[in-house]
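Go by the hints and put chains B, C and D onto chain A.
4 protein chains.
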Amino acid sequence: MKPARIKWGMLGGGPGSLIGSVHRIAAAMGEDYRLVGGVFSSDAAKNVEFARDLELDTRRAYSSVDTLIAGESALPRDERMRLVTVATPNYLHHEAAAKLVDAGFHVFCEKPVTITAAEAIELERLAQSRRVIFAVAHTYTGYPMVRQLRAMVGAGMIGPVQKVHAQYYQGWINPLLRDPGKRGNVWRLDPARSGASSCIGDIGVHCFNLIEYTTGLRVERLLADTDTGSPDNPLDVDGGVLLRLSGNVPGVLCASQIATAEENNLQLAVYGRTGALKWAQEIPQRLEFLQEGRAASLLTAGHPFNAPQARAASKLPPGHPEGFSDAMGNLYRGVARAINGEPFDSGDFPGIEAGVRGMRFIEAVLQSASAGSQWRSL
Amino acid sequence: MKPARIKWGMLGGGPGSLIGSVHRIAAAMGEDYRLVGGVFSSDAAKNVEFARDLELDTRRAYSSVDTLIAGESALPRDERMRLVTVATPNYLHHEAAAKLVDAGFHVFCEKPVTITAAEAIELERLAQSRRVIFAVAHTYTGYPMVRQLRAMVGAGMIGPVQKVHAQYYQGWINPLLRDPGKRGNVWRLDPARSGASSCIGDIGVHCFNLIEYTTGLRVERLLADTDTGSPDNPLDVDGGVLLRLSGNVPGVLCASQIATAEENNLQLAVYGRTGALKWAQEIPQRLEFLQEGRAASLLTAGHPFNAPQARAASKLPPGHPEGFSDAMGNLYRGVARAINGEPFDSGDFPGIEAGVRGMRFIEAVLQSASAGSQWRSL
Amino acid sequence: MKPARIKWGMLGGGPGSLIGSVHRIAAAMGEDYRLVGGVFSSDAAKNVEFARDLELDTRRAYSSVDTLIAGESALPRDERMRLVTVATPNYLHHEAAAKLVDAGFHVFCEKPVTITAAEAIELERLAQSRRVIFAVAHTYTGYPMVRQLRAMVGAGMIGPVQKVHAQYYQGWINPLLRDPGKRGNVWRLDPARSGASSCIGDIGVHCFNLIEYTTGLRVERLLADTDTGSPDNPLDVDGGVLLRLSGNVPGVLCASQIATAEENNLQLAVYGRTGALKWAQEIPQRLEFLQEGRAASLLTAGHPFNAPQARAASKLPPGHPEGFSDAMGNLYRGVARAINGEPFDSGDFPGIEAGVRGMRFIEAVLQSASAGSQWRSL
Amino acid sequence: MKPARIKWGMLGGGPGSLIGSVHRIAAAMGEDYRLVGGVFSSDAAKNVEFARDLELDTRRAYSSVDTLIAGESALPRDERMRLVTVATPNYLHHEAAAKLVDAGFHVFCEKPVTITAAEAIELERLAQSRRVIFAVAHTYTGYPMVRQLRAMVGAGMIGPVQKVHAQYYQGWINPLLRDPGKRGNVWRLDPARSGASSCIGDIGVHCFNLIEYTTGLRVERLLADTDTGSPDNPLDVDGGVLLRLSGNVPGVLCASQIATAEENNLQLAVYGRTGALKWAQEIPQRLEFLQEGRAASLLTAGHPFNAPQARAASKLPPGHPEGFSDAMGNLYRGVARAINGEPFDSGDFPGIEAGVRGMRFIEAVLQSASAGSQWRSL
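Residue numbers (my numbering), protein chains in the order written: chain A, 1 to 378; chain B, 1 to 378; chain C, 1 to 378; chain D, 1 to 378.
Think of the hints as simulated: they come from the structure by calculation, not from any bench.
Note that the structure is a prediction, hence the values are computed from the model and not measured.
Incorrect hints may appear among the rest.
Copies of one chain are not kept apart here, so a pair can be met inside one copy or by any two copies together.
DSBU-like mimics (lysine-lysine), calculated; alpha carbons at most 30 Å apart, straight line [as the list claims (entries may be wrong)]:
#1 K99 with K46
#2 K46 with K182
#3 K99 with K182
#4 K2 with K46
#5 K99 with K7
#6 K7 with K46
Bound conformation, chain A alone:
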């Protein structure tokens, strides 16, 4: 028999929120969760109306994280919310997450998990001490072929890693950049709400996460050159980063939000002693496997020949595309397994330790760039 559905709540992600909708779709995919309440909007009326639209008990449309904690904690254990997704603007993540963790709730937090590395470290300690699950929405790790890539590197199928290349090129900031009016409406470009970085904090960090997630190596040193695109824009919208990983393995990490008209061009290439693996987010079901002296292979999702971690992340037969929501769904599946005490793999969802590493990366890049591209450790 399947375990009872996990009662689940949300902070943010309410009316008009794209990412909120993605989280609900993703959580529905495995039939593991039942949404029971949350703080969907800071506007009280909208909050309640949204709960009503979702046909929830409106008493569980709370006005704040504090009332949510109080209200849920007063319920019988088996009715109580167990997992809370934090999908508010970045600057609100830390305080809310800390309170939830402290009160014993499991947390699924959007990234970047905090504004500073210090805050992330604090959350990590707190989650450990409260023994709660703390997942971070590095959604791309949910794609089957990213998991396949990780499994193949881990199984030694390309030999020791000797070079990595990651790039994330987007163009969406480009039309907003030079118009302060438009720019002001983009919270990503407002340091007060988004933190000290735009490009590196929003997308560069995904490259970083994928490198560490798939290779099992750590980025030990880096140097960076970033650009704000326009003199009156305070945040980076473009950056080039040179890396050295464990064992002095070289790497390049490229990110831009002004790569005009690019959509979501995230690519990863990992080169080992005997082969290479290449993945591109825009056609996520494919993984190129190059091998010294042999023809290249093109692995696709859904096949029995894939690694168990990749197979578990496909719901459909080969040739039936699964997308971004499905990837997020795989993270929710992993979190459910963890909450239900079922066996799970460390790659099933990124935890708070990945959030900490991400924040360290962002800070190191910003420090390197402001010091004229000097090497920084992390």
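Just chains B, C and D now, kept in the frame of chain A:
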């Protein structure tokens, strides 16, 4: 305010059913439905356990379509199931669908909708007389760029259509074909359960549907050559079909289930007087737009420059892949609009008339093939 | 030591001729030939001027095939032209080729080799009796990965062939079709110069040739539906052909010259019992190798792991594209080996027997189409 | 009337030389040159045999550049060699080229043009003072769509450039790197013959050249991190370079020869204020044109809608691939126009000034890397 969720039930799609899971994920995507019951399995114990796993009221885990109709009809109108998805093996579709329609339920039926064209026509008449919505799961019409293709042909952007090409190549039957033991376990290859055709009825009909859906033309005549792959296999697993559409426009339709190791290689190309549109299911977010004397364009999903029908079918920004479940989700969104009396487009979901056309196509192909590839009208 | 260069001449291919230039570039690639003369133009002044531009002895700029034969035959054996390329309009091929063969010259003839199958058969007999090399410019067989495909099928790497698919879609006739003024200037659409077929004779035949070349099977029966695109156009510009090969293997062959804005979209897929091979002319250095139950492979030209026939057809390391002229160059290389008495493979260049098969194919298609798409043997 | 063929000679490129063969094929393509002699090999017997194989006058198979200059200068002006291609190992380029230029010969030199920037500058001055043509084999600039890219940037079609990305990933050094025996046979990894750099000097410099060639901007500053892959290998085989171009435009340049099993993965992306252009060498006939707020375009070679510089670089209709030799052929075409006094475009072939820039780039990268990745101007 959003309309109340539509109470929804399923016939089939229970324990271990892949397509059942896709339907539930798809129905969840728009937050329009609430699953309340069904006949999930012909095994009574499994049926109830499945409902319990889904945390449904097990009294609504019915033992048959008849008890479902009786039980639901006895409920107050606003609690009653309004839409029922039929996801049983093909040979059971017709009887169940007919009873549901007759009792006033809206129906979302897997394809092929029936075993014979005559049965489909009967359902069409019944749905018209009972004024119920009857949707058919031609899922590929739910992809944004299939809708974009349709809208662009409709808007004259390639001029009058002068040639069509559709192909659907799969290989999954290949390893089963010559082993009667394995083959016996595949209901698709059992005429009693699947009907008179395998390849044409299962996948050829999708090519046919996409041609008529996107061009607005009718296939008027066809001739076919089919093959069973193995002397002791009674059903077609491969077929080539030559078409003539309205206005004598030529077309080619190719389908195979023994195109060894192909996954789900469904492609459509529509050539007009001034341009062409090409779509391939395995990278569904892309649409090639060729134009006489100009550079080709590559349209992608999620852009404001797409047609309203395509825009409405994307939930995510450009570059974030959406897949097969998302396509099915768009059909459920359309059915919800129709049930809720909201405005909808004839392309929002394929109706029973598309099911009838599909059955006529299948019968014409089989008749042509058995007559030595003579032309047949439909 | 390398053999002395083969003295070489051309019929046609003179001023402004694209294909003439391709032949000269191709013949230069292997450093096997020396162009010494020809009949480059039917205009005497242009003929001589062209020879002068090529810095040839203008005495070898002959006014006709007869004077060429007479002039060359009068020269000492080691100065005499040995190979003559026939690149005139189609309707002139047969007479010229027959005279050349009869006089003992080796011939490299553009395709279609003749206007009728009977003429091709006559050339075949003549070439056999005169023991000359007679090559036909089925240029696509010169691509390394077409040869690789052939070698892999031949080595049983996909098991017995069970299905073939070939398509050749072009759009160049489209803008000319409905304007009789423009159309009149296109010799391809003039039955007097091009023969009884346009689409099938010009491009459909390449599909046919590739199928027989790569599979080693024969097309035994076919049926066809062709279209002229416009009521006042006498020749086919579009056709769909259903095939049955040796052993009753089914196939589909699709060709069109009104596939609007397509460039040179020639594709071949061969499906066997255990795998499949797919090739597309527009990216000719790649060959997809699908295998039952395994990841797909992507073979590329220039690798030591390719078959000897493919390796011999690449001049550059992997990743350095070679194109259409290089493919033609490989045919010339093969002809040189044959003329020089070096070992060569039957796949090194298509001979007159391929020309005969091609003409039989064209005639069978036209007969089938005019008989309402009845099956025809060939 | 076409001008008389330019008498042409080669240094190096003799028996077994791949690049020598490419030069001869390329020079043949435009029917502008006649090979008359050279120093094909440092082995006297091989030198003469090679000339005999090419059916040249063996008196023009010279033993050294000095005897070539003396011998040719003694000939009547209209028989004399006018262009000499230098295709010897790198370390011999400078002395030979300087002598040839000084004696008034036009030169087509393989790259890197010299071992140091100072030598290149000297050649530049010499070529200017002797008024000879000095072309450098940056072959990739000969691809039609690289020229199209340059023309479109120049015409403002993507607005002011705001970001560039270039990468060149190869894997061929990988299997040789850790085996000193094998490595010793690779002149590219021998500093005495190849100069101070392997990866940057051989392939990184192509990225650099393409950036400056296509954007018209100059790389003003750079910093680099390079790697030798193995402790006992003295030369770089991998490098990441951050760039700042004119106007402080940021750029990333990535190169590796240990990107295992990559073939010739050279890519360029140029992002402007309103659009972007992307090109990849392995499918050179395509150019992606992204535009803000519009569908992407896919331009292909051979179309009338391309810029004149691109059109002039295609010999075949769209859809007929042209490759690496064809690109080199376009450089030779441009050099012929320059020698013949015909109008030519500055993009028709890279001159010695591009060679100088390349050498400055290589030196700046090596200096930056050895200084711990500090910024260097060039």
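Checked hints:
1. K99 with K46: within (24 Å within a copy, 42 Å between copies)
2. K46 with K182: within (25 Å within a copy, 56 Å between copies)
3. K99 with K182: neither (34 Å within a copy, 56 Å between copies)
4. K2 with K46: between (35 Å within a copy, 12 Å between copies)
5. K99 with K7: within (18 Å within a copy, 37 Å between copies)
6. K7 with K46: both (22 Å within a copy, 25 Å between copies)
The structure is inconsistent with hint 3 alone, although it conforms to all the rest.
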